[in-house]
Each structure stands twice: as structure tokens, then as C-alpha cells.
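**Q** As they're listed, the protein sequences go chains R and F. Counting from 1, one number per residue, gives the positions in the first sequence under the numbering used here. Counting from 181, one number per residue, gives the positions in the second sequence under the numbering used here.
No wet-lab data here; the hints were simulated from the structure. Please note that the accuracy of each hint is not assured.
[Unchecked claim] Here are a few chain F residues that face chain R, going by a calculated C-beta distance under 8 Å: (1) T300; (2) P305; (3) L312; (4) N415; (5) E491; (6) N495; (7) K496.
[As the list claims (entries may be wrong)] Each computed BS3-like pair below joins lysine-lysine, with the alpha-carbon atoms no more than 27 Å apart: (8) F/K375 / R/K78; (9) F/K557 / F/K592; (10) F/K375 / F/K483; (11) R/K78 / F/K484; (12) R/K78 / F/K557; (13) F/K405 / F/K436; (14) F/K570 / R/K78; (15) F/K356 / F/K248; (16) F/K483 / F/K532; (17) F/K483 / R/K78; (18) F/K570 / F/K248; (19) F/K554 / F/K592.
Values in this document were obtained by computation on a predicted structure and should not be read as measured data. Think of the CB as a built atom: it goes at the ideal place given N, C-alpha and C, for glycine as much as any other residue.
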Amino acid sequence: MNKSVYASPDQVSETKRHILTVLVDNEPGVLARVIGMFSGRGYNIDSLNVAEVSNDENISRITIVTHGTSEVVSQIEKQLLRIVPVHSVTNLDREDSSVEAEVALVYIYISENNKKKVYELCDFYRARKIENENNTTIFEIAGASERVNRFIKEINEITKVEIVRSGPVAISSIHKNEEE
Amino acid sequence: MNNEITGAEIVLKSLAEQGVEVVFGYPGGAVLPIYDTLFKQNSIKHVLVRQEGGAIHAAEGYARSTGKTGVVLVTSGPGATNVVTGLTDAMMDSVPVVCITGQVPTHLIGSDAFQECDTTGITRPCTKHNYLVKDVNKLSSVFHEAFTIAQNGRPGPVLIDIPKDVQFAKGTYEEKNKIIIPSHRLFEPSPDYEKSKIEEAVELIAKAKKPIFYIGGGCINSGPKASKLVREFINMVGSPVTMTLMGLGVVGSSDKNSLGMLGMHGMYEANMAMHECDVMINIGARFDDRVTGRLDAFSPNSKKIHIDIDESNINKTINVDVPIIGDVKQVVDKMISIWKEKNYKIETESLKSWWDKINKWKEIDCLNYNNEGKQIKPQYAVQRLYELTKNTKTFITTEVGQHQMWAAQFYKFEEPNRWLTSGGLGTMGYGFPAAIGAQVGNPDALVIDIAGDASILMNIQEMSTAIQYRLPVKIFILNNEYMGMVRQWQELLHGGRYSESYTDSLPDFVKLAESYKAVGLRAKTTDDLDDVITQMIETKNTVIADIWVTKEENCFPMIQSGSAHNEMMLSKDQKQDKKSAEKGKILV
Chain R
1 MNKSVYASPD QVSETKRHIL TVLVDNEPGV LARVIGMFSG RGYNIDSLNV
51 AEVSNDENIS RITIVTHGTS EVVSQIEKQL LRIVPVHSVT NLDREDSSVE
101 AEVALVYIYI SENNKKKVYE LCDFYRARKI ENENNTTIFE IAGASERVNR
151 FIKEINEITK VEIVRSGPVA ISSIHKNEEE
Chain F
181 MNNEITGAEI VLKSLAEQGV EVVFGYPGGA VLPIYDTLFK QNSIKHVLVR
231 QEGGAIHAAE GYARSTGKTG VVLVTSGPGA TNVVTGLTDA MMDSVPVVCI
281 TGQVPTHLIG SDAFQECDTT GITRPCTKHN YLVKDVNKLS SVFHEAFTIA
331 QNGRPGPVLI DIPKDVQFAK GTYEEKNKII IPSHRLFEPS PDYEKSKIEE
381 AVELIAKAKK PIFYIGGGCI NSGPKASKLV REFINMVGSP VTMTLMGLGV
431 VGSSDKNSLG MLGMHGMYEA NMAMHECDVM INIGARFDDR VTGRLDAFSP
481 NSKKIHIDID ESNINKTINV DVPIIGDVKQ VVDKMISIWK EKNYKIETES
531 LKSWWDKINK WKEIDCLNYN NEGKQIKPQY AVQRLYELTK NTKTFITTEV
581 GQHQMWAAQF YKFEEPNRWL TSGGLGTMGY GFPAAIGAQV GNPDALVIDI
631 AGDASILMNI QEMSTAIQYR LPVKIFILNN EYMGMVRQWQ ELLHGGRYSE
681 SYTDSLPDFV KLAESYKAVG LRAKTTDDLD DVITQMIETK NTVIADIWVT
731 KEENCFPMIQ SGSAHNEMML SKDQKQDKKS AEKGKILV
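Please model the complete structure; the sequences and the hints are all you need to start from.
**A** This is the structure we're talking about:
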């Protein structure tokens with residue numbers, strides 16, 4: 001059950017995080033159509049990721065993390081499918097087997113006092129230092145969101161940082177028949 | 181290769197190949213090349229409106245009355261923003277419209293040029309799809325795709341924004357049959373689609389004791405054949421049927437199975453039957469809030485079958501037991517053959533007692549109103565209009581408000597596509613331009629806009645259009661000097677404080693008509709009414725008939741906001757309990 005002028009009678013299912021992966025024609029305005037559908041109908045976007053994945057077919061993959069009851073999320077999927085350039089919508093949480101990862105770049109303010117601790121922590125989380133011309137301490141960490149969260153929490157306890165995160169991308173891990 | 185033509189020529193050629201006969205529009209700087217090309221040809225007729233908002237409603241009226249796609253041509257900036265209401269209206273009511281807008285030249289886009297606006301940005305949420313065409317060689321394929329998308333699946337408006345330099349540029353034209361539209365961009369139901377669901381649905385109907393069909397505008401969009409099949413199936417089942425505002429005409433009013441319209445101002449028996457049924461068969465309707473009333477008390481004991489071409493309508497507000505995604509005529513055709521094949525029949529006894537119950541509800545006579553005195557009751561005016569026009573091929577359009585509901589209640593529709601009204605968006609000002617469009621598409625028919633005194637003023641400028649093209653459209657104004665529906669809600673929910681709902685300083689509608697060289701008529705009492713209607717019908721010119729009706733008449737029966745189907749108000753004396761009235765007040 002979704003929204004209506006009238007309160008819904010049986011709003012029973014609980015709010016959950018869902019990852020939707022949307023294949024779209026890479027044409028002008030397609031991202032605006034997707035985002036506009038979310039804002040126009042009052043749905044949530046927790047994070048969003050888009051990049052072209054197939055040069056020859058001109059197809060982009062959008063990964064959207066949203067949250068809502070399963071009724072709301074299934075309505076989101078149907079509304080996405082109404083958008084003309086949308087090829088397909090997959091709810092990876094419904095498929096129940098997927099792999100997800102995200103990337104964070106972390107600018108770490110390092111001093112002589114905290115240097116050792118910082119490097120130990122980065123080592124532990126396998127955060128990789130990125131070489132750059134100014135030789136500033138920027139680390140890259142990739143992996144599941146919870147892992148990135150933990151790293152950020154712990155590094156924050158040591159020193160000041162500046163963070164950028166990609167938000168998760170995800171892919172189904174179900175075996176697919178190659179001929180299909 | 182010298183078969184290159186200009187973008188403007190490609191536009192006209194595409195329209196011609198799509199079978200377009202008429203375009204509703206208004207010229208301006210950014211579409212001059214297209215208007216120049218239009219000038220040099222004779223196959224496509226242009227109807228010049230007096231405001232772009234009129235053009236899109238006219239296109240909607242044309243589309244809904246003929247089943248063809250309506251086409252609109254307007255300029256950039258204000259031309260484009262003026263069609264936004266109509267695009268939204270067409271989106272809500274699923275009307276196939278293609279709207280062409282001019283845009284400033286490509287190199288000026290983004291510079292805040294004169295009459296520039298982000299047309300595709302503004303119209304993205306109110307179109308099924310839209311395009312900004314920057315390459316003249318893509319123009320013809322965009323047009324052919326646009327027409328297909330407008331008509332395909334659940335129909336709707338499509339907008340094509342064309343920068344002026346693209347209209348001048350030369351490029352190649354590609355024919356319709358050379359364009360391949362990838363299947364993901366369209367909705368293509370396969371005939372065997374949902375076969376097991378259809379079988380399940382038919383079995384459910386056969387086992388029903390208290391079935392009801394709930395018919396919506398989707399049956400009309402599916403074409404005249406759909407209405408024929410729906411009627412046939414309902415007759416086979418012997419079940420009662422009710423229609424939404426958009427679905428009126430799918431089953432004839434005089435059909436023995438018809439309970440008329442349901443919903444907020446629907447028939448008592450229709451709403452009660454919806455409340456008490458055990459199997460509901462929704463065909464092409466979308467459980468709109470004007471139909472369902474309070475959701476937690478909506479038809480609590482029924483199994484629900486929902487046939488819809490748009491999957492997003494399934495379980496949107498009401499959970500259903502058997503959803504079927506597909507085109508009405510294909511699905512119902514299949515239902516009929518299964519019904520025949522399996523020799524299904526509803527148990528006579530239970531069907532009879534269901535009808536007995538319904539006939540008891542009918543005895544309440546929910547449309548009953550006090551018709552004493554010489555003053556014209558608005559209901560009576562519509563009844564007389566129906567009686568005097570029922571033997572003519574008549575199209576009725578309406579504006580939005582009380583008059584719209586009285587028209588829906590008291591005018592009896594026997595055919596689909598004869599009733600044009602703004603249902604989803606509720607656009608005041610829709611009816612008159614829509615009547616113009618319907619008259620353009622049906623030159624020999626009688627086209628009447630049942631209007632209110634407030635609504636008609638919203639697009640009154642289209643009088644010039646009607647006169648210029650000699651369109652004998654009739655405007656039948658139920659004049660109560662109020663925004664009647666606003667006043668009714670203020671009376672029922674806001675302590676009778678009629679805040680800004682009195683339409684002061686109305687024009688003299690007779691003189692207004694005459695100033696346009698149309699005919700103005702007036703009925704002040706019931707003695708004048710029949711003569712005025714007869715004269716209006718017989719006049720071969722545009723007519724405004726100003727019908728003075730009782731001023732504070734309310735539209736009943738009514739399910740007040742926040743109430744359920746079995747809590748209908750039949751008259752003003754029957755007040756809603758205070759708590760639910762308070763709750764209802766915050767709703768629309």
C-alpha cells in the first residue's frame with residue numbers, strides 16, 4: 001500500500017534499505033527523469049551512482065540506495081519502469097544475493113603525534129595512500145559500506161579528516177546463463 | 181544526395197505521414213519557420229487559438245472525441261509554459277497528445293535569451309516523455325517515436341522542443357516504417373500475457389455471489405471495441421456495473437446492468453454495491469481517491485480483480501488479489517472465451533438476491549431533488565438538456581465543479597467517447613476549448629460545453645476561435661454566480677464563510693456572445709428553459725446560453741472527504757459526525 005489522500009489501512013511492513021539497479025539509455029535528461037520521479041512522488045534517495053557501462057550500446061547503469069516499506073519500494077520500481085529510456089529495474093535486495101562496494105577518498109590531517117596511529121589504522125583497513133603532486137595524505141578505501149563507516153568512525157577519533165564517498169554500487173551475484 | 185529538406189519541412193512531413201489532419205496552435209518567434217512551412221501547404225489544417233492553454237485542451241477534446249492523437253504547436257517561453265496545465269491534464273487523464281514547442285537557437289540555450297525557458301525541464305514530470313532535438317537528422321525519428329509513445333500502452337502527452345536553428349537546418353527525412361523503436365521504450369502486451377491470471381479471475385467471477393464491475397477510462401482508451409466487449413461480458417455474467425467519471429459511456433446508461441457513476445458524487449446504489457460486493461472487477465480504473473473514499477473502509481469484504489495496462493496502478497492505493505496487466509480489449513476478449521469455453525454461470529439464486537438488495541438501494545432515489553417553483557434547478561436544466569438532445573449525436577464537455585457533477589449524474593451517456601471532462605487534474609477552463617477540439621473533429625455533431633459561470637471565464641477568449649472557424653459549439657452555463665463547489669465545501673466544512681467564492685462582476689453573457697457575433701440566449705425561469713435549449717440546438721452558430729439557476733443548490737449525494745462508501749450524505753440535513761468531518765477537512 002502506498003500513498004493516497006487517505007491514510008493507508010494496513011501499513012504493516014517495515015522500512016528497509018533497498019538497492020535498485022536501473023539500466024537506462026544514456027541520453028540527455030535521463031538522470032533528471034529518474035531523480036525527478038523520486039522527488040516528485042516523495043520517495044527517498046540515500047545515495048545514487050551513475051556511469052556508462054557499455055560504450056557500444058550507449059547504456060548507463062544507475063545504482064540507487066533507497067529506503068521504504070516493501071510496498072513503497074515496489075511502487076518505486078514500477079514508476080521507474082514507466083520512464084521511457086529505462087530498460088530494466090532490479091531490486092538487489094529482493095534477489096537476495098548481490099555484491100556491493102563503495103569507494104571513499106579520505107583527506108587525513110597528519111601531524112607527528114598521530115602519524116603512527118593513522119598509518120596503523122589505514123594498514124588495518126587496507127586503505128591505500130594515493131600519490132599526488134602535493135604529497136598530501138589522501139587515502140582510498142573501498143568495500144562494503146559498513147566497513148567504510150567503521151574506518152571513518154575510527155579515523156575521526158584520531159584526527160580531522162575530509163571525506164568523499166561514492167555511495168554503494170552493487171551487482172547481482174546470481175549465476176546467469178551465458179547464452180541468454 | 182540532394183533530398184535534404186529543412187527541419188520545419190521535416191516537421192510537417194512527419195505530421196502528414198502520421199495522418200495528422202489538424203494542429204491547434206499559436207505562432208511566435210521561435211516557431212516562425214514551421215509556420216512558414218505550414219503556410220505553403222494544404223494538407224494539414226491549423227486552428228489558431230487565442231491562448232496556448234486553449235490549444236492543448238482543444239487537442240485533448242479532439243483526441244478524446246475521435247480516438248486520434250491531438251497535436252499542438254506553440255512557441256518557446258510563455259508559449260511552452262502556457263501548455264503546462266494542459267499537459268498535466270492529459271497526463272492525469274491519459275490523453276494522447278503531441279505538443280511541439282519552439283526553442284531559442286541551440287547556441288543561445290542557457291543564455292537567458294528572449295522567450296527562453298527550460299521547456300523539457302519544466303515539462304518532464306507532466307509528459308510521458310519529452311525531447312529537445314538538437315540534430316535535424318534526428319527530427320523525423322523523434323516525431324515517429326513521439327507519436328508511437330503518445331498512443332502506446334497507457335496514452336499520454338509527449339513534447340518535442342525544437343530550437344529555431346534546427347527548424348532552418350537541412351537534413352534527411354526518414355519514413356515511419358524505417359524507424360525501429362527499441363522494445364523497452366514501449367509497452368507491448370503479448371496475447372498470452374497473464375493467461376493464468378485471467379483464468380483465475382474468470383473463475384473467481386463465476387463463483388461470485390455479489391459481483392460488481394467497476395469500469396474506468398482505460399476502457400475508453402482501449403477503443404470502441406473494448407466497450408463492446410465489456411458490455412458483452414457484463415451481459416453474460418449478469419452482474420451490476422458502475423463507472424467512474426472517466427468511464428461514463430462504456431456501458432450505456434439505459435443498460436439494465438448499469439448503476440451509473442460511483443464515487444464522491446456517485447449513485448448511492450453504486451457505492452453501496454461497491455461496499456458490499458464479494459468480487460470486484462476493476463477494468464481500466466485506478467482506485468482514485470474520488471472513487472474509493474476512506475481506504476480502510478473501502479469494499480472490506482471483496483476479492484479484487486484489477487485489469488490495467490499500467491503496472492504502477494496495481495497495488496498503488498488498494499491491494500488487489502488478481503492483478504492483470506494488459507489492454508482491456510485483449511484481456512476481456514480472453515475472459516469472454518474462457519467464460520464460454522467453461523460454460524460458467526453465476527448461481528441464479530445468489531445473483532437474484534444481490535439484485536434485490538441493489539434494487540432496494542435504488543428505491544432511495546439518491547438523485548431526488550426539490551423541483552418546486554419557477555426558479556430553474558441546475559439538475560433540472562441538465563435533465564431538460566438531455567431530453568432535448570438525446571436523439572442527436574451529441575458530445576458533452578464540462579468545466580470543473582458542481583455543474584460537472586450534475587452533468588455526470590443527469591446526462592445519460594449511451595456511447596463511449598461522447599463525454600469529455602477533466603477528471604484527474606480537475607482543470608477549470610477545460611470544457612470550452614475541449615468542445616472546440618471535439619467540434620473540429622466531429623463537424624456534424626452537436627457539441628455542448630456544460631459550464632459554470634466561474635469556469636467559463638477561464639478560457640472565454642476562445643470565443644474568437646469558435647467564431648473564426650465557424651464552430652457551432654454551444655456553451656450551456658449553469659449560472660449561480662458562485663464557484664459552486666467551493667461554496668458547497670465552505671458551507672459544509674467551513675461554517676458557511678463564503679471566502680472569495682462569490683463571482684462578482686460577471687459579464688452579461690448574452691452581450692458577451694453578441695460582441696463576438698455569436699448568439700446569446702438567457703433562461704431566467706423554468707418557463708424559458710425548453711425554448712432556450714431548443715433555440716440553442718437549432719442555431720447554426722456558436723451560442724452562449726446563460727441559464728440562471730438557484731444559487732445555493734448543493735450537489736448530492738456526496739461522500740464527504742474522510743468518509744466511506746456506506747457513509748453517503750444524501751442531503752444537507754444529514755450532517756456528517758463532527759470528528760470525521762474534522763478529519764476530512766484536511767483532505768482535498
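**Q** Could you grab the alpha-carbon distance between F/K554 and F/K592 and see if it respects the 27 Å cut-off?
**A** Holds. F/K554 to F/K592 sits at ~24 Å (cutoff 27 Å).
**Q** Could you grab the alpha-carbon distance between F/K570 and R/K78 and see if it respects the 27 Å cut-off?
**A** Violated, because 43 Å separates the two Cα atoms, which is more than 27 Å.
**Q** Hint check: is the beta carbon of F/L312 less than 8 Å from a beta carbon of chain R?
**A** Since the shortest Cβ distance to chain R is 7 Å, the answer is holds.
**Q** Are F/N495 and chain R close enough, Cβ to Cβ, to be under 8 Å, as the hint says?
**A** Hint on F/N495: holds, closest Cβ of chain R at ~7 Å, below 8 Å.
**Q** Against the 27 Å threshold, does the CA-CA distance of R/K78 and F/K484 hold or violate the hint?
**A** Judged against 27 Å, a Cα distance of about 20 Å means the pair holds.
**Q** Quick check on F/K496 please, does its C-beta sit within 8 Å of some C-beta on chain R?
**A** holds (5 Å)
**Q** Given the hinted pair F/K356 and F/K248, is their alpha-carbon gap at most 27 Å?
**A** holds (17 Å)
**Q** Can F/E491 be said to touch chain R, with a Cβ gap under 8 Å?
**A** Holds. Min distance 5 Å.
**Q** Holds or violated: F/K483 and R/K78, Cα atoms, limit 27 Å.
**A** holds (23 Å)
**Q** For F/K375 and R/K78, compute the direct alpha-carbon distance and say whether it is at most 27 Å.
**A** holds (21 Å)
**Q** So, F/P305 near chain R? Judge it on the closest CB pair being under 8 Å.
**A** This hint holds: F/P305 lies near chain R, its Cβ roughly 5 Å from the closest one there, short of 8 Å.
**Q** Given the hint that F/K557 pairs with F/K592, test it: the Cα-Cα distance must not exceed 27 Å.
**A** The hint holds at about 18 Å.
Going through the hint list in order, the structure does not satisfy hints 4, 12 and 14.
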